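Make the full structure from the sequences, and use the hints.
From first to last, the protein sequence lines stand for chains A and B. Sequential numbering of the first sequence, starting at 6, is according to the working numbering. Sequential numbering of the second sequence, starting at 1481, is according to the working numbering.
There is no bait here: all hints are sound.
In silico PhoX-like links for lysine-lysine, alpha-carbon gap of 25 Å or less:
#1 K55/A <-> K1539/B
#2 K55/A <-> K1514/B
#3 K190/A <-> K1516/B
#4 K1556/B <-> K1529/B
#5 K192/A <-> K43/A
#6 K36/A <-> K190/A
#7 K1568/B <-> K43/A
#8 K134/A <-> K1516/B
#9 K125/A <-> K88/A
I should point out that these hints are in silico values taken from the structure, not numbers from a laboratory. Here the structure is a predicted model, which means the values were calculated and not measured.
Spelled out, the chains give:
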Amino acid sequence: METVQEKQKDLVQFDLPTRVNELEKQVAELKENAQEDKVSLILFSGDFDKAIATMMMALGAVGMGMECTIYCTFWGVSVIKRKRFYKGKSLLGKMMTWMLPANSHGLNPSQMAFGPFGRKLFRYMMKGKFESLEGMLQQAIEAGVKFQICSPSMSMMEFNPDEWIVPPESAEICGVAAMYEVALKAKTAYFIS
Amino acid sequence: MIQLMKGLRNNMANLADNIELDCRGLNDPMPIIKVKQAMDNLKSGEILKLMATDPGSSKDMESWTRQTGNTIVAFKESQSEYVFYIQKT
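Okay, here's the thing in structure tokens:
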């Protein structure tokens, strides 16, 4: 592949209109590949604390006037779940659904979990001072944060499109290519594992 | 110096805000979201008065105004309470 400098060196032999045309084409190409005011968050983790951090980052990005996309994959899908669905799933799929939290109230923190008491402790500590995880998720949806749901983990763990709390207009099921399209155009991309 | 301070204080007293936003008691991302929403409703040149208690808010609002192109015209800090006058450009 030739670099821009090489291209411009070749241009010298042509007349002016050709050169201007060629340069305009190059500028248009550069503009198309330019980064936009966007933030891409890839939420891999299904831990309570990391979900909180993700929602704070998403809300902060929206507040700074940027667009934000959250790509939920693997355990991160549990953060935007509404309830359990068993119908039409295989035995292993049913088991997976039963083992995973039914909704974001069942998420445990990554440290100091103490069985089910850790999440209660953290929620108690946040009460009144911070917005709850569900409240932040709702605000993010209202503020226009886009959600992408990983299709490989959906088919592997047999998730159901009805399980999401996110309305269909702000959620889409997609693979890694759509995630890259967003992440490459974004100014920053974070992987939250 | 004293005159300058006096001038600033007078400036502060004369500042008329178009909207008052009370973010006291709210923590990190909430004041930013609220300011953004309030600023969206303002016209160019109008002033928003923001009250906050979040200790990070002075640094946060500095960054926010730099990013969004608005200006802080006055700032006051007293007993862990911060007051900002932000003008929309």
